[in-house]
Amino acid sequence: MPAFASLLAASGVLRVASLNMCTDEYLLLLARPRELASVSRLSRDPADSSLWRLGRRFPENRGDLESALGTRPNLLITMGGGGKATAMIAGKMGLKTIDLPFPATIQDIASSMRRVARALGDESRAQAWLGRLSRLRQAPPAPRDAIYLGAGGNSVGARSVEAEWMGLAGFRQRTLPGGRASLEMLATTPPKILLRSTYRRNERSLGQTWLDHPLAQPTASRIIAVDGRPWTCAGPLMIGEIERLRAAL
Amino acid sequence: MRAALVLGLILAAAAHLLLPLTPLREAQAIDPDLADLILVQLRLPRTLLALGYGAVLGASGAALQAAFANPLASPDISGASSGAALGAVIGGYWLGLTQPLALAACGAAGAIGTLLLLMGLAGRRADTATLLLAGLAISLAAGALTSLALALAPSPFAFYDAFDWLMGSFTDRSLVQAAAALIPAGIATVLLLRRAKALDLLALGEDVAASIGVRPGRLSVEVIALSAIAVGACVSVAGAIGFIGLVAPFLGRSLTRGHPGRAMLPAAAIGAILLALADLAVRSIHLDRPIPVGVITALIGTPLFLWLVLTMRRRLAS
Amino acid sequence: MTSLVTTQVGIAGRLEPTGLTVEAGQLVALVGPNGGGKTSLLRALARVERSSGTVAVGGEDVDSAAPARRRHLLSFLPASRDFAWPIAARDVIALGLDRPGQDRVEELIALFELDQLSARPIDQLSTGERARVLTARALAARPQILLLDEPLTNLDPYWVLQLMAILDTAAQSGQAVIVALHDLTLLPRFDRALLIADGRVQMDEAPTSLMASERFEEIFRIQAAKGGWAVRR
Numbered sequence: 001m002p003a004f005a006s007l008l009a010a011s012g013v014l015r016v017a018s019l020n021m022c023t024d025e026y027l028l029l030l031a032r033p034r035e036l037a038s039v040s041r042l043s044r045d046p047a048d049s050s051l052w053r054l055g056r057r058f059p060e061n062r063g064d065l066e067s068a069l070g071t072r073p074n075l076l077i078t079m080g081g082g083g084k085a086t087a088m089i090a091g092k093m094g095l096k097t098i099d100l101p102f103p104a105t106i107q108d109i110a111s112s113m114r115r116v117a118r119a120l121g122d123e124s125r126a127q128a129w130l131g132r133l134s135r136l137r138q139a140p141p142a143p144r145d146a147i148y149l150g151a152g153g154n155s156v157g158a159r160s161v162e163a164e165w166m167g168l169a170g171f172r173q174r175t176l177p178g179g180r181a182s183l184e185m186l187a188t189t190p191p192k193i194l195l196r197s198t199y200r201r202n203e204r205s206l207g208q209t210w211l212d213h214p215l216a217q218p219t220a221s222r223i224i225a226v227d228g229r230p231w232t233c234a235g236p237l238m239i240g241e242i243e244r245l246r247a248a249l
Numbered sequence: 001m002r003a004a005l006v007l008g009l010i011l012a013a014a015a016h017l018l019l020p021l022t023p024l025r026e027a028q029a030i031d032p033d034l035a036d037l038i039l040v041q042l043r044l045p046r047t048l049l050a051l052g053y054g055a056v057l058g059a060s061g062a063a064l065q066a067a068f069a070n071p072l073a074s075p076d077i078s079g080a081s082s083g084a085a086l087g088a089v090i091g092g093y094w095l096g097l098t099q100p101l102a103l104a105a106c107g108a109a110g111a112i113g114t115l116l117l118l119m120g121l122a123g124r125r126a127d128t129a130t131l132l133l134a135g136l137a138i139s140l141a142a143g144a145l146t147s148l149a150l151a152l153a154p155s156p157f158a159f160y161d162a163f164d165w166l167m168g169s170f171t172d173r174s175l176v177q178a179a180a181a182l183i184p185a186g187i188a189t190v191l192l193l194r195r196a197k198a199l200d201l202l203a204l205g206e207d208v209a210a211s212i213g214v215r216p217g218r219l220s221v222e223v224i225a226l227s228a229i230a231v232g233a234c235v236s237v238a239g240a241i242g243f244i245g246l247v248a249p250f251l252g253r254s255l256t257r258g259h260p261g262r263a264m265l266p267a268a269a270i271g272a273i274l275l276a277l278a279d280l281a282v283r284s285i286h287l288d289r290p291i292p293v294g295v296i297t298a299l300i301g302t303p304l305f306l307w308l309v310l311t312m313r314r315r316l317a318s
Numbered sequence: 001m002t003s004l005v006t007t008q009v010g011i012a013g014r015l016e017p018t019g020l021t022v023e024a025g026q027l028v029a030l031v032g033p034n035g036g037g038k039t040s041l042l043r044a045l046a047r048v049e050r051s052s053g054t055v056a057v058g059g060e061d062v063d064s065a066a067p068a069r070r071r072h073l074l075s076f077l078p079a080s081r082d083f084a085w086p087i088a089a090r091d092v093i094a095l096g097l098d099r100p101g102q103d104r105v106e107e108l109i110a111l112f113e114l115d116q117l118s119a120r121p122i123d124q125l126s127t128g129e130r131a132r133v134l135t136a137r138a139l140a141a142r143p144q145i146l147l148l149d150e151p152l153t154n155l156d157p158y159w160v161l162q163l164m165a166i167l168d169t170a171a172q173s174g175q176a177v178i179v180a181l182h183d184l185t186l187l188p189r190f191d192r193a194l195l196i197a198d199g200r201v202q203m204d205e206a207p208t209s210l211m212a213s214e215r216f217e218e219i220f221r222i223q224a225a226k227g228g229w230a231v232r233r
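Chains as they are written, first to last, in my numbering: chain R, 1 to 249; chain G, 1 to 318; chain P, 1 to 233.
These aren't lab readings, by the way, just hints derived from the structure by calculation.
Keep in mind that the hints are not guaranteed to be accurate.
[Unchecked claim] Here are some chain R residues the structure puts well away from chain G; computed CB gaps all over 10 Å:
(1) ALA128
(2) PRO143
(3) GLY240
[Unchecked claim] In silico contact screen, one side only, chain P against chain G (beta carbon under 10 Å); selected entries:
(4) ALA46
(5) ALA65
(6) SER80
(7) ASP91
(8) VAL92
(9) LEU95
What you are looking at is a predicted structure, and each value in this text was computed from that prediction instead of being measured.
No residue lacks a Cβ here, since even glycine has one placed at the ideal position from N, Cα and C.
Isolated chain R (complex conformation) (with noise of 0.2 Å):
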């Protein structure tokens, strides 16, 4: 075992590394500022995080072991796998590793938060979160019929977690086929709340050009602006757009 985590371990203080925007979330939620060692480089860039204020009080990493390890941590922390080979040499450096799954629903998320706070010696700090989830479970409002509308039409599964995270709000998705919204279905059966992504909308690409279009504003919908950033990882960040959302209405 290297002698820095031999070391650290024996001095008994945590220092959790995350490399990947998403399980950053979880860390920036709930870790104690000694207790971070670095998290990825997407959770310092405004135009990806909505946390990017946060992170850029801490060091960084690319995303990968080699990265990582010039912080010292003593715990990664990863998702969906991050490579069977990155715990197995984690293992072998004496590097405790926690891998998140990739969300498929909310429960998971709840799952992944309690475990991360179990991970950093105190439960408990999940309850603040657990609270406010709890409090959006328990009186959904009727749903009514939603697209999420991101750069060239992208849309989000009728089933996927983002969507359950729109029900909570009163949004039911709408199913799209290849999860794409056209023009021609906006302007022929426009949905009563369009929620548009306002996911790097300044860097212009053709997908930004095509929300300019004016079928891509239906008139008829009740459109709400979102900040896209959460979405990506539609985590443990969620709570607070829905929460936002339920208050709008």
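Let chain R serve as the given structure and place chains G and P on it in line with the hints.
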């Protein structure tokens, strides 16, 4: 023949605008205004762009061929289309310009840049081999730079747009975009068409043209500038589309008994019809992935291009 | 009497500023060694290149004339027979007119005996046939001044004589004809001969006296000999 062209144009325009009919009928059933909305906001820009861009490629292709005295000069082979794409990409993705007219100007600037580079490399009265080599080299370089510019652009999604920029697309364009492209392109094309007689005289040779009072140097510069503006504006909205600018003038000249300047007008009509039909073909193929319209124009154009090369060989040999 | 008057036309490096006056109906020959300036003079007169000085035809300044008017003032036939586009012979001739005129085109086709070839693309004609088509184009608008650079060079003996006859007729009808040529045997048929060498008009007189002069033999480096010319020692 003129009547046949006009008829063909109307038929192609109608087909492109109205087909497929079913979604329009369905929309009509829901709400009469809806069909109009789809027709005007979605179908009309697409049809106007296909016809207009095709006409621009035909007219400017014929003009460039007349000015360079070479039947192989065209917006794509001369590098103008690729240069326009590069200009529009840099303007949109790097300089952050969003106004369609500003992007059209960037496209025009890119096209002018590559055409001037071609003139500098090959000279104005270059033989076919030199012209082709220089044009292709510039075209390939501009295409590669466009891909690089997209890969390094601030937006991580820019790279996936490369296909559309380098092979063309008309889907989901708005009326504003169509206007930003076609108004400057239209003005430039009209100015080109007015030079038909002078370009015909250029066929007698630069010296004879000069003695008649046509200024060959100035005429070439005008043709280059106007072609670049027209092509650049269209590319900034719909990407670079090849082969029409080569094939339409060739067919146009067959209708004007070989006169290169007079051929601009029929070439414009033929280009419009060809591009509208190519885009119609693209939309009729039902696949998950959209096929860029440039693939179809390449399929139409390559056999004709090869035939052109063979006839040129025969002509030079005799 | 319409005429051609120039003031100090020159082309930097190839033709010294030259003043020239040619009367209507004159048949003028330009002779001189290769690279001496014959073509440069014709190009300067035709306003093909940026040249200093002015050219006036019948009192009218050529440079300020509109293209439609210019064709009636002068026309230029370059020595090259290249043609970029496969345009039919009769259409090439028609390009010489500023207003469509089928009658005039037919007239020229008959004059140059191109009836069999009139519909054929010019790039499929032989050099001599092409020469006839391009010369017909130069004559089409009946300009007051004809500037022809080596029009006889690619022609067979029949056509050399025919073209000389055509040029004679043109001169008789009032046009001034200036021809650059190499074949000295034709020189006596002209009214006036200009000897150009080293970018300068060296001599300007009647052909016979020009050919008999010492200067002529010096410049051409040839001398009269039995049956024609011989290299001068």
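Here is what the structure says about each hint:
1. ALA128: Non-interface label stands for ALA128 of chain R: nearest chain G Cβ at 33 Å, farther than 10 Å.
2. PRO143: At roughly 23 Å from the nearest Cβ of chain G, PRO143 of chain R sits farther out than 10 Å, so the non-interface label holds.
3. GLY240: holds (24 Å)
4. ALA46: It holds, given that the least Cβ distance between ALA46 of chain P and chain G is near 4 Å, below 10 Å.
5. ALA65: Check passed: Cβ of ALA65 of chain P comes within 7 Å of chain G, closer than 10 Å.
6. SER80: Check passed: Cβ of SER80 of chain P comes within 7 Å of chain G, closer than 10 Å.
7. ASP91: Holds, because the Cβ-Cβ distance from ASP91 of chain P to chain G comes to roughly 6 Å (cut-off 10 Å).
8. VAL92: holds (8 Å)
9. LEU95: Because about 6 Å separates LEU95 of chain P from the closest Cβ in chain G, which is inside the 10 Å limit, the hint holds.
Checked against the numbered hints given earlier, the structure satisfies every one of them.
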